[in-house]
Structures are given as structure tokens and as C-alpha cells.
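Taking the hints into account, I'd like the entire structure generated from these sequences.
Chain by chain, the residues:
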Amino acid sequence: MEAEKKERRPLHLAAGAAALAACAFSVLLSILMVSSLFDARASSPLARPELDQWRAALQADPANAAARDALRSFDLAARKMYFGSLASLRTGAWLLLGAAAAALLGFKAVAFYRRRLPDPRSYPQDEDPLESAGLARFTLAATGLALLAGAVALGLKARAGAADSARRAVREAPPLASAPAGEALWPGFRGPAGSGACAFTNLPVTWDVKKGMNIRWKSAVPLPGRSSPVIWGNRVFLTGATKDKREVYCYDLAAGTLLWRASVDSGACRAVEVMDDTGFAAPTPVLDGTNVYAVFANGDVAAVDFCSEPRWTVNIGLPVNSYGFASSPVAYRDKIIIQFDNNPDKGGVSELVALAKASGRSLWKTRRPVADSWPTPLLIETLAGPQLVAAANESIIAYNPDSGAEIWSVACRGSDSSPSPLFAEGLVIAPVTHDKVYAIRPGGRGDVSQSAVAWTSEDGVSDVPSPAAAGELVFLLQSDGTLACFGAADGKKAWEAGLEKYFYASPVIAGENMYLVSREGEVLVLKAGPRHEEVARASLGEPSDCTPAFAPGCIVMRGASNLFCIAVK
Amino acid sequence: MKIYAALFALLLAVLSARGENRFPMPQFESGYAMPAAAEPGAHPGLFEALDAAVLLGALSLAAWLVLRRRSRRGVLLLSVFSLLYFGFWRRGCICPVGSIQNVALWLFDGGYVIPLSAAAFFILPLAFALLFGRVFCAAVCPLGAVQDLVVLFPVRIPRHLARALGFFPYLFLALGVLLASAGAGFMICRYDPFVAFFRLSGDLAALAAGAALLLLGVFVARPYCRFMCPYGVLLNWMSRLSKWHASIYPDECVQCRLCERACPFDAILVPNSSLVPEPREKGARRLTALLALLPFLALAGGWAGASLDAKLSANHPVVRQADALKGAPAASGSFKSKMLESFALGGGKAEDVRARAAAVREKIRLGGWIAGGFLGAALGLGLIGVSIRRSRDSYEPDRGECLSCARCFMSCPREHLRLRGGGKIEPENGGAHGG
Amino acid sequence: MAGIEKYGAVKLVTRRGFVVGALRALCLTLLGWLGGAAFLRWKCLGVDGTWACGACPDRAACRFAAALPSKPASGRRMVWQLDPKKCIQCGGCAVNCVRQPSAVKCVHSFEMCGYCRLCFGFFQPGAKTLTSAAENQLCPTGAIRRKFIEEPYYEYTIDESLCIGCGRCVKGCAAFGNGSLMLQVRHDLCLNCNECAIARRCPASAFSLVPADRPYLFKPQAGKGQP
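Residue numbers (my numbering), protein chains in the order written: chain A, 1 to 569; chain B, 1 to 435; chain C, 1 to 227.
What the hints contain is simulated information worked out from the structure, not anything from laboratory work. Don't be surprised by glycine CBs; every beta carbon is placed ideally from N, CA and C. A portion of the hints provided could be inaccurate.
What the hints assert, rightly or not - Computed beta-carbon distance windows for the label pairs:
{"#": "1", "chain 1": "A", "residue 1": "Pro-310", "chain 2": "B", "residue 2": "Ala-344", "range": "31 to 41 Å"}
{"#": "2", "chain 1": "B", "residue 1": "Leu-56", "chain 2": "C", "residue 2": "Leu-26", "range": "47 to 57 Å"}
{"#": "3", "chain 1": "A", "residue 1": "Asp-52", "chain 2": "B", "residue 2": "Ala-209", "range": "42 to 52 Å"}
{"#": "4", "chain 1": "B", "residue 1": "Ala-314", "chain 2": "A", "residue 2": "Pro-543", "range": "49 to 59 Å"}
{"#": "5", "chain 1": "C", "residue 1": "Leu-189", "chain 2": "A", "residue 2": "Leu-46", "range": "16 to 26 Å"}
{"#": "6", "chain 1": "B", "residue 1": "Ile-384", "chain 2": "C", "residue 2": "Leu-30", "range": "19 to 29 Å"}
{"#": "7", "chain 1": "B", "residue 1": "Glu-362", "chain 2": "A", "residue 2": "Asp-52", "range": "45 to 55 Å"}
{"#": "8", "chain 1": "A", "residue 1": "Ala-101", "chain 2": "B", "residue 2": "Glu-362", "range": "49 to 59 Å"}
{"#": "9", "chain 1": "C", "residue 1": "Thr-129", "chain 2": "A", "residue 2": "Asp-276", "range": "26 to 36 Å"}
{"#": "10", "chain 1": "A", "residue 1": "Val-152", "chain 2": "C", "residue 2": "Phe-18", "range": "36 to 46 Å"}
As the list claims (entries may be wrong) - Where chain C lies over chain A, by a calculated footprint (3+ residues, C-beta under 8 Å):
{"#": "11", "segment": "37-51"}
{"#": "12", "segment": "382-392"}
Now the structure itself:
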């Protein structure tokens with residue numbers, strides 16, 4: 001017995017030592033693995049604020065080589081560390097398993113060598129079964145009742161909490177936003193129907209640019225322009241130009257990031273003179289979901305697709321007019337239609353031009369017996385079919401947009417006519433500067449100056465801003481601040497007010513509110529109703545001549561150097 | 001006017017590329033061939049059938065090793081095999097413990113079809129337990145195997161404490177079945193402490209909990225099996241009804257007391273026929289009182305369970321969505337704001353979601369009554385079970401608690417006699433009660 | 001008691017033994033019924049790919065024999081997959097999977113791709129130069145390879161060994177592109193857990209079980225070509 005014991009001792013010790021060694025190794029390995037795990041977490045590709053900082057620095061200054069190199073080397077190192085630590089965790093797991101198994105075997109061997117024969121004499125006195133049963137009843141009952149009490153307490157608390165939150169829910173029901181159908185939120189100048197109106201109701205009426213109140217974002221626009229923003233889905237498009245450069249910009253509606261800027265040039269290389277007030281990029285681009293079609297002051301027309309690839313660029317001729325080309329293009333089916341009115345005294349030819357959306361090829365051109373003008377044509381759907389209404393100084397003419405043929409015309413005697421017509425209560429309402437406001441029934445053919453004019457008005461004739469209509473009312477704004485409200489069906493003036501500011505931007509209406517952007521950048525919000533009622537005022541902080549665009553929950557406005565997105569925050 | 005505006009907008013919307021790609025298909029001129037998206041397939045269904053077959057084989061082998069061969073070494077080797085196959089090779093999923101949830105979901109939700117392997121993993125161990133006792137726990141369950149292998153220095157827990165702790169598996173069973181059947185998630189899988197080891201990767205908290213439990217298991221033998229496993233409750237019941245069961249002695253008990261401390265799980269019951277029982281009236285009075293208490297416990301438990309319906313249903317995906325739709329605004333980037341974003345994308349109606357959430361909550365309330373009642377009844381029956389005295393004149397394993405691990409066999413001198421060729425002694429019905 | 005039974009004498013059964021035997025028989029029957037029901041329901045595939053009896057319109061007249069399957073065995077196994085139409089690219093797939101890196105990877109459906117030079121899934125929003133420099137790439141692990149095909153088309157392929165399933169490229173592509181990049185569970189990596197850890201934390205509830213022989217849910221293609 002003793003000899004056997006002595007023989008076993010070295011094995012016993014060896015096993016014990018091996019077990020302890022394996023155990024220590026496992027513990028060490030576990031510590032290493034935990035630290036590796038923390039490494040993997042720290043270098044997680046998903047959270048790297050340093051990269052964001054450097055990227056921001058590069059955005060601000062693209063030539064910052066130090067930031068760029070630091071970013072690249074950090075990125076490489078972090079990626080290596082991440083995948084490396086994952087690999088090391090994998091091997092570590094296997095090693096740990098092996099070490100744990102070895103430790104276990106060692107300890108089992110130790111337990112084996114330490115085993116003793118059982119000796120009942122050494123067993124402690126068994127508990128009295130009655131006492132132990134009683135104790136068991138007590139412990140079991142205590143545990144059970146403790147759990148029960150806990151459950152009851154939780155249940156009562158949950159009941160109380162639920163009643164509370166139900167009360168709160170009734171008070172705080174979220175406002176319902178009216179969502180548009182499709183992505184064509186504001187695809188062209190003055191909105192989807194050309195009347196400057198939309199149905200969104202949850203738009204802010206006041207904001208503060210300096211404090212950032214209700215400003216979702218404010219982004220710089222690289223080149224200046226008077227074109228208004230247009231919106232499709234989650235993208236905002238703008239144009240900007242100088243004498244030599246013409247660019248189209250695309251911004252993210254949610255964050256205001258400049259997604260891309262595309263340079264366009266037809267190569268026609270025509271220098272053009274414009275007035276400062278108009279600029280080189282006055283026409284507002286138009287969208288059709290695939291491309292943005294932009295027109296510039298030198299006659300360049302470009303189609304750029306939504307990921308910045310220029311599709312085609314053509315030049316329709318050098319505009320010849322006093323102020324600079326400003327009429328915005330209109331999209332119809334497979335065509336882009338441009339009202340290209342030029343001064344015949346200076347050798348210009350006025351025509352309505354239709355280009356194919358796919359290629360920029362000219363599909364039809366119709367000569368117009370008018371001089372230079374600046375309105376944007378209006379596309380309307382009548383019972384007799386679609387019509388394109390182009391207003392000018394000498395006449396308001398409606399064309400068939402498929403062929404370019406004239407349908408009807410109304411003679412007028414205006415000059416420097418800028419406001420674009422709109423369609424309200426079944427009538428085409430067109431203010432002709434320095435003449436009258438004409439309201440025309442669009443069902444006629446030929447010269448309908450006597451037969452189809454429902455009403456005219458010599459009051460409220462706007463000179464630059466285009467009118468806006470909501471329900472039965474049409475609002476006409478003059479650049480000196482006189483705002484007149486007429487009944488669209490009968491031409492009866494509801495009210496007139498002097499706003500004591502200068503306006504070039506056209507008024508736009510969202511639900512019950514009308515937004516008027518003054519030249520100095522102060523925006524007035526009035527009720528678009530039968531009484532003059534001011535709702536609020538707010539300032540953009542910079543001059544603005546651009547008409548705002550609406551999207552669900554936000555307004556996009558352009559100032560002289562920045563693009564703003566105003567939304568309830 | 002509005003009609004024309006709407007028509008125009010509709011025209012534009014229709015003309016716009018809705019339903020079409022924003023960027024049209026490119027026309028390649030250089031003869032470029034577009035690659036197809038790869039679809040790496042899943043493992044073939046063969047593995048599932050293989051798992052069920054291996055399970056059947058292992059259970060049969062375990063039963064034979066425990067009842068016929070009576071070999072601890074065989075049981076140990078089989079448990080190592082089970083650990084390697086069901087644990088590390090099949091990554092511990094699906095396991096019979098989790099299959100309870102699949103069965104619960106299948107029984108209560110018409111929209112779920114149980115995979116055959118889940119059904120097999122649920123039924124086979126229970127069927128074997130009905131016939132042979134808890135041979136599944138002995139050598140086939142990977143969670144049991146890993147705990148069994150680390151039992152080095154077992155410490156005895158006082159019986160009354162073990163009894164009280166033995167209530168927790170009932171709690172986990174009730175909660176697991178309730179939540180799984182209502183579609184609120186598989187709690188048993190979520191809180192499985194060993195699956196992270198089998199996968200060799202996982203959440204740090206899960207790994208730490210598993211390690212802690214294994215460390216505890218070095219001293220307190222098989223803590224998960226005895227105090228947490230919900231499947232163990234079912235096996236316990238089945239095993240009590242089993243036709244054959246592991247017995248310490250191969251033929252008869254000579255009351256030598258040598259096996260008294262042989263079970264690390266303290267499942268050996270000592271003979272008590274020689275002890276003086278308490279007066280019959282006292283015992284009868286107590287029993288009557290407990291029986292009378294039983295329905296009240298069940299009712300109290302049911303009421304408590306039903307009152308917890310809000311808390312229990314909070315994890316159900318539909319209820320979570322309905323909660324997210326309640327008034328309070330969500331912080332940007334929070335889970336709630338993401339739920340709202342996806343809800344807006346899906347274009348559902350808030351009233352529908354609320355109605356469905358209310359239906360779920362009602363279902364859980366009803367289930368809470370049942371689960372709570374079950375727990376109350378379990379408590380009451382447990383109290384009664386402690387108070388009932390069954391006369392024994394030999395050392396026997398507790399039929400419900402014994403895990404059939406075969407450790408106690410070698411402490412019996414009759415077993416040694418059998419092994420040394422003292423004649424093949426047929427066991428009498430494996431030590432069933434009777435006669 | 002040992003010797004008596006050998007000679008065909010009546011086997012004595014106690015009351016307790018009888019009750020136990022009866023309960024045992026009952027339990028065995030229940031288990032057998034459960035197994036049979038599972039097996040038979042497993043065999044019925046109902047109508048055209050619906051997997052659940054609850055959703056089957058023929059349930060009232062259900063005849064198991066008449067509904068014997070014609071599909072191969074692998075079709076009956078269900079695996080996890082996410083629906084890219086419901087996905088909001090929250091980034092949870094990369095974080096919640098029990099495997100690291102995740103078994104969810106970005107998949108590129110080339111038929112839907114516009115092959116744009118300015119790929120909104122590849123480039124950071126507002127990237128000034130269109131190169132694959134680290135500062136311009138959206139993918140945090142550089143798993144997208146950009147290759148020039150012909151003017152102005154570029155091919156974008158995903159290196160799955162580097163992809164962690166964070167969905168940033170998917171978000172960009174879905175917001176501004178064609179949506180040809182999408183997240184999908186890769187079944188050569190997925191462990192097919194009983195309860196998918198990503199599924200239960202998906203805010204869009206985009207995960208569901210699909211038959212293992214059709215385990216991918218690519219988006220249906222939009223119309224090809226110009227409108």
C-alpha cells in the first residue's frame with residue numbers, strides 16, 4: 001500500500017503540475033483574448049470618428065494633403081487591426097479550448113489519484129427526515145411566495161405605467177403629414193401644376209438662420225444664379241453659372257450635402273451680355289425623374305442624369321433680349337419645350353422650341369409673332385387635350401405641345417412681360433406687364449381675344465413675379481410690394497395690400513399659407529385667404545430672388561450664395 | 001382647378017420612371033458580359049436527418065450502457081462523443097432544450113410548421129425517458145456533457161435548498177413556453193449559457209456567464225441541469241413514470257451505506273422504513289391543508305401571470321412596433337426612430353398595428369393565466385411532494401432527479417461482485433416499485 | 001419475488017404500479033401523436049409553397065395522402081433570410097449576428113445596376129474626386145471594387161471576405177441609385193440558429209424563414225431600358 005502510494009506520488013504531482021500549468025495558460029489566454037476582443041471593438045469599422053474629422057477637413061479644403069495622408073494611413077491600419085484581431089480571436093478560441101481540455105484532464109487525474117474509499121463511519125449524521133421535510137416546505141414556500149410577490153409587484157407597476165402612457169398618448173398624437181404621390185415633388189418652376197401651390201400643411205412659418213431654429217441645413221452654392229430650386233424624391237437641383245462656366249448641382253434633401261456638380265458646355269462658345277439682376281443661370285431647370293434639363297443664358301441646353309453624367313448638351317441659339325434669358329423649360333412626354341423669345345429689332349427670332357429628351361434633337365420649332373419676353377410656358381390639360389400656353393408682350397398663344405401648332409391666341413399690348421400664366425378655376429390667368437390681367441377660357445380656336453376672355457383687370461398687374469393660385473383665389477404680386485387678391489372665376493378683387501418691400505421671387509402657397517420672398521431676404525408669410533392677414537416673418541439673412549420649392553415637411557429656398565432647407569426641427 | 005392639377009401631377013408621376021430603374025440599363029459596346037449574383041447554398045437537408053439518426057443511436061446506446069452494461073466508462077465516452085458531435089460539430093443548435101419552444105410555437109400558432117428535426121429532438125429524449133429514465137441527461141445532452149466533464153470537487157447542497165432551487169426550472173419552462181407560443185421570442189435559446197462555447201464565438205456577456213456557470217459546476221455539480229433546465233422538468237416527469245430505471249445495485253441492496261455519498265447530484269434516497277414516522281393524523285391534517293391551499297396558489301399564480309401581460313408582451317415585434325407608434329417623439333438614430341422609419345416605408349396603418357398588438361397582449365394575458373396557474377400548482381404540488389413519505393428499505397436513486405450517470409454503480413459491493421464474475425444476476429424490473 | 005414469475009403465475013401489480021403504467025401509456029401515446037402530426041404536417045405542402053396549415057385555404061378538406069409532396073427534401077428545411085424591400089439599412093446586421101464578421105453580406109444584382117461613374121453606393125456623398133481613395137469610399141472595409149468597363153460605365157463588385165454587412169453602400173444605392181446593392185444572409189456562413197439574433201433586433205421586421213431550396217430574396221427587377 002505504502003509503496004503503491006509512493007509510486008503514485010510522482011504521477012500525482014506531475015498531473016497536478018500539468019493541470020495548474022494548463023490552467024494558468026488558459027487564464028492568460030483568456031485575458032489576451034478579452035483584450036483582443038476590445039481591440040476588435042475599438043477598431044470596429046463602424047465607429048471611426050477620426051475618419052469623419054479628417055473627411056470634414058478635406059471637404060473644407062480639398063488640397064489638405066496632411067489630412068488626406070493621415071486619413072489613408074489610419075484607415076489602412078484600422079482595417080488591418082480589425083481583421084487581424086478577428087483572426088486572432090478565432091485561433092485563440094481553439095487554443096483556449098485545447099488548454100481548457102488539458103487543464104481538465106490534469107485535474108481529473110489529480111482527482112483520480114486523490115480518491116479514497118468511502119467510509120460510512122465518517123459520514124455526518126443524516127438529517128432528521130421530518131425536520132428536513134419541514135425545512136424544505138419552508139424554503140420552497142418562501143421562494144415561491146417571494147417570486148409571486150415579485151410578479152404581483154411588477155404587474156401592478158406595469159398596470160400603473162400603462163395607464164399613464166395611455167393618457168400621455170392621447171395628448172401627444174403626432175401631426176399627420178400629407179405625403180405626395182410619387183417622387184415628383186417640385187419638378188419645375190412653380191411646382192407640379194405651375195400654379196405655385198402645394199397641399200403640404202406641416203411647414204414652418206418662422207425660422208432663425210443665425211440660431212439655426214427650424215433650419216435643417218444650409219449649404220453653399222458654388223456659382224451664383226437666379227434659378228429656383230427644384231426637387232425630385234430626395235434630391236434638390238440647382239443651376240449656377242458665370243460668363244465662362246455653367247454648372248448643374250445636386251443636393252441631398254435630407255442632409256444638404258452637395259452630391260455632385262456637373263459642368264456643361266455645348267462648345268458653341270457664345271459670349272452673352274446679361275444684366276446683373278438676371279445673371280447667367282436664370283431659367284429654373286426641369287426634372288422628369290431620370291434627367292435634369294437646364295437652360296443657361298447663352299442658349300446652352302443640357303440634360304444631366306441623376307448621377308452627374310451629362311447626357312447631351314445643345315445650343316438653341318444666342319438669346320437676344322434686354323435683360324438676359326430667363327424663361328424656364330417645360331417637360332412634356334418625350335420633349336423639352338422652351339419659350340425662346342428674342343428681340344426682332346436686334347435680329348432675334350422668337351420661337352417655341354421642342355427638343356427630344358433622349359437626345360436633345362430638335363423635334364419642332366414654331367415661330368412666334370412676338371418680341372422678347374421672359375415668362376415660362378404653362379402646360380395644361382383641357383377637355384380638348386393638352387395645351388401649352390406661352391404669354392408674351394403682344395399676345396398670349398396656346399399651342400399643341402405634340403406638334404407645335406397654334407390653338408388659340410389673345411392679343412394684348414404689354415412690354416417687358418415677365419410673369420408666367422397659371423391655370424385656375426378653368427381659366428388661364430396671365431398678367432401682361434404694363435397691360436392687363438387676362439383670364440381666358442382655353443376651349444377656343446384661333447383669335448379668341450373677343451370671345452374667350454372671361455375677365456380682365458387693370459389692377460394688380462404684376463411685372464416680375466408670377467401669380468399664385470389656391471382654391472378660388474389668385475394672388476398677383478408686383479415687384480414694388482403691391483399684393484392683390486382676386487377671385488379666379490370672376491376677377492373680383494378681394495383685397496389689395498402694400499407690403500413695402502421689393503419682390504422678384506414669385507409667391508408660393510402651401511396649404512393655407514403663402515410665402516413671399518423679398519429681394520432683401522425677408523420672407524413674409526400671409527394667409528392665402530379672402531382677407532389680408534400676416535402670419536409671420538422670418539429672414540434668410542441674404543438677398544434672394546428665387547422662388548421657394550416645397551417637399552413634405554420642408555421648404556427649400558435659395559439665396560444669393562446659399563441654399564436653405566427650412567423644416568420643423 | 002384641383003382636378004387639373006391632380007391630373008397633371010398624375011401625368012408627371014406616370015411619365016416619371018416610377019417602377020423603372022432610376023438609371024436605365026447600360027448598353028455595352030465592348031462585349032462586356034454581366035456576371036450573375038452568386039447564391040451560395042445552405043447545407044443540404046441530409047444533415048438534419050443525420051442528426052436525428054445520431055440522436056436515436058446515442059439514446060439507444062446510452063440506455064444500453066446504463067441499464068444493461070452498467071458501465072460508467074461507457075457513459076463517459078458517449079458523453080464526450082455527444083459533446084463533440086452535438087456540441088462543437090453541430091454548434092449546439094438545435095438542441096432538445098430549445099425544441100420545447102418550437103413545439104410550443106407550433107401548437108399555438110397556425111402559421112408555423114415545425115421542422116422535423118425539432119420534433120425529433122423533442123420527442124425522442126422524452127420517449128426514452130419514459131422507458132429507460134433520464135439516459136438523455138446521462139450521455140447525450142451536450143450541455144449536460146460539458147457540465148458533467150467539469151465535475152471535479154462536488155460539494156453537497158442542503159436538500160431543502162436544492163428543493164427550493166428546483167422550482168426555477170418550472171419558472172423557466174412556463175416563461176419559455178408562454179413567450180414562444182405567443183411569438184414573443186425564444187427565451188430559452190436567448191439565455192442558453194453554453195451555446196457561445198459551442199460556436200466558439202459570441203457576446204462577451206454570454207461567454208462570461210457560461211464560464212461562470214462552468215466554474216460553479218466544478219464545485220456544484222451540473223448547476224444548469226438541476227436548477228435551470230426547462231426540459232429537465234419534462235424529463236423529470238417522464239422519468240418518474242419510466243418502466244426501467246438505473247439502479248445502484250444490480251440485484252439487491254445490502255444496506256452497506258457505501259453509496260450514500262456517491263452521487264454528486266445528491267439524488268440517492270436513503271432507506272427510511274426503520275425510522276419512526278410522524279403521527280398519521282398530523283400528516284393527514286397537513287396534507288389536507290396543502291391540498292386545500294393548492295387551488296388558491298394556482299389562482300394567485302394565474303392572476304400574477306395575467307397581470308404581467310404588458311411586461312411579457314413588450315418584446316413581441318408587433319407590440320414593440322405599436323409602442324413605437326405612440327406619441328412621444330423618438331431620438332434620431334434610436335431604435336424607435338428606425339422602427340418608425342420602417343413603418344413609414346411599409347405604408348401600414350397605425351390602427352392595424354395597434355389592433356394586432358392588442359390581440360397579442362390578450363393572448364399573452366390568457367397564457368399568463370395558464371402559465372401562472374401552472375406555476376402556482378407546481379409550487380403547491382411541490383409542497384405536497386415534500387410532505388409525502390414513501391417507505392423505502394433500500395438505497396434508490398430519486399426517479400425524477402437521477403441523471404443516470406452511472407457514477408454510483410462502482411460504490412456498490414454487489415456490483416463489484418457481479419463484475420468479478422459472481423454469476424450473471426438478472427435485475428428484477430430494474431428496481432421498480434411493487435410487491 | 002424472484003422465482004415465482006417464471007412459471008406463468010399472475011403478475012402482481014399494485015394500484016400505484018397500475019396508475020404509473022397507465023400514465024406512461026398515455027404519455028407514449030401523446031408523444032406518438034405529436035410525432036405523427038409533425039411528420040404528416042411536414043409532408044403536406046399545402047397550396048403552391050405556403051408552408052403553414054394556418055395559411056392553407058384547403059385546410060377544411062385536407063387529405064394528407066392527396067397532398068403528398070413533389071418537392072425534394074432539401075426544400076422543406078427553413079432558413080433565415082431578409083427581405084431587401086423592407087430593409088432600412090440600419091446597420092444592425094453587422095452588429096447583432098452571433099458570428100463575427102456577420103453572415104449577412106452585401107450582394108450586387110448586376111442586372112439592376114446602372115454602372116454609373118458616380119456610384120452612390122461606392123462614393124461618400126459629396127466626394128470631390130471620383131477615385132477609389134480611402135477618403136472617397138463609403139465602404140468602411142473597402143470591400144467594393146470599382147473597375148472601368150467602357151465610357152462611362154464602371155463595374156462594382158463586392159469582395160465578400162471583407163464585407164461586414166453594415167449596409168452603408170446599400171443605403172446610398174437605395175437612396176440615390178437603382179437599389180441594386182442589397183443585404184442578404186449568406187447560407188455558406190449562416191449557422192441557422194433556432195432564433196436568429198439579428199431577426200429579433202431588426203427594426204423593420206425584415207427577417208423571415210424561407211425554404212432552403214430558395215434561400216435568397218433578391219429584389220424583383222424594375223423594367224429595363226429607357227421609360
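**Q.** Structure-inconsistent hints, enumerated in ascending order
**A.** 2, 3, 12
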